[in-house]
Amino acid sequence: MQVRWALVPFYYRNRNVLAIYSPDLDTELHCDASAVGFGAILLQKQECGEFRPVFYFSKRTTPCESKYHSFELECLAVVHAIRRFHVYLFGKPFRIVTDCDSFRLTLAKKDINPRIARWAMMLQDYDYTVVHRPGKRMAHVDALKILIHELRDGQ
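For the sequence shown, counting from 1, position 141 maps to 141 in full-length UniProt numbering; every step adds exactly one.
No lab work stands behind these hints: they were computed from the structure. We put the CB at the ideal spot given by N, CA and C, even for glycine. Watch out, some of these pointers could steer you wrong.
Said to hold, decoys possible - Simulated pairs of lysine to aspartate or glutamate, EDC-like, Cα-Cα distance not exceeding 20 Å:
hint, residue 1, residue 2
1, 110, 72
2, 45, 28
3, 45, 26
4, 45, 127
5, 110, 24
6, 59, 111
7, 109, 72
8, 110, 125
9, 92, 127
10, 92, 125
11, 59, 72
12, 109, 99
13, 92, 47
14, 59, 99
15, 45, 24
16, 92, 24
17, 109, 125
18, 109, 127
Said to hold, decoys possible - Label pairs and their computed distance ranges (CB to CB):
hint, residue 1, residue 2, range
19, 111, 50, 33 to 43 Å
20, 120, 66, 29 to 39 Å
21, 67, 26, 35 to 45 Å
22, 45, 110, 27 to 37 Å
23, 20, 113, 34 to 44 Å
24, 26, 64, 32 to 42 Å
25, 123, 62, 17 to 27 Å
26, 26, 114, 28 to 38 Å
27, 111, 18, 37 to 47 Å
Taking the hints into account, I'd like the entire structure generated from these sequences.
In structure tokens, the structure reads:
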């Protein structure tokens with residue numbers, strides 16, 4: 001029993017262990033999507049200065065969603081993630097981090113298709129900024145999508 005208690009500090013300091021949500025901390029929502037599924041991680045900057053995960057979220061795409069353009073999938077990933085984490089994000093400034101730079105640019109356009117327009121209207125209720133990060137630096141969210149793909153194939 002003493003050996004187990006000795007490991008508690010190690011696991012608590014581990015970056016992959018979920019942190020406890022605090023409304024006072026800096027918050028980021030990392031999202032990614034593919035034809036197979038969506039992945040999102042809600043992270044918060046801890047007192048030590050590093051971002052740690054608070055929640056993970058992943059979801060398979062429906063057969064209809066899997067036919068969407070990659071940009072639409074990225075938008076839908078953000079919409080699903082924000083709906084999932086609504087109680088933590090509503091009324092609080094946060095950053096959406098995505099590898100889709102056109103997400104930020106398209107939401108500012110006036111002439112967009114009705115589906116994107118509906119999602120953009122839903123996102124107007126939130127206080128967010130969009131940050132682009134190259135796909136190579138989004139591997140942590142990519143892993144959630146890969147897991148869905150492997151579970152679907154029964155591997």
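>> Please list, smallest to largest, the hint numbers that this structure does not respect.
In response: The structure breaks hints 5, 6, 20; every other hint is satisfied.
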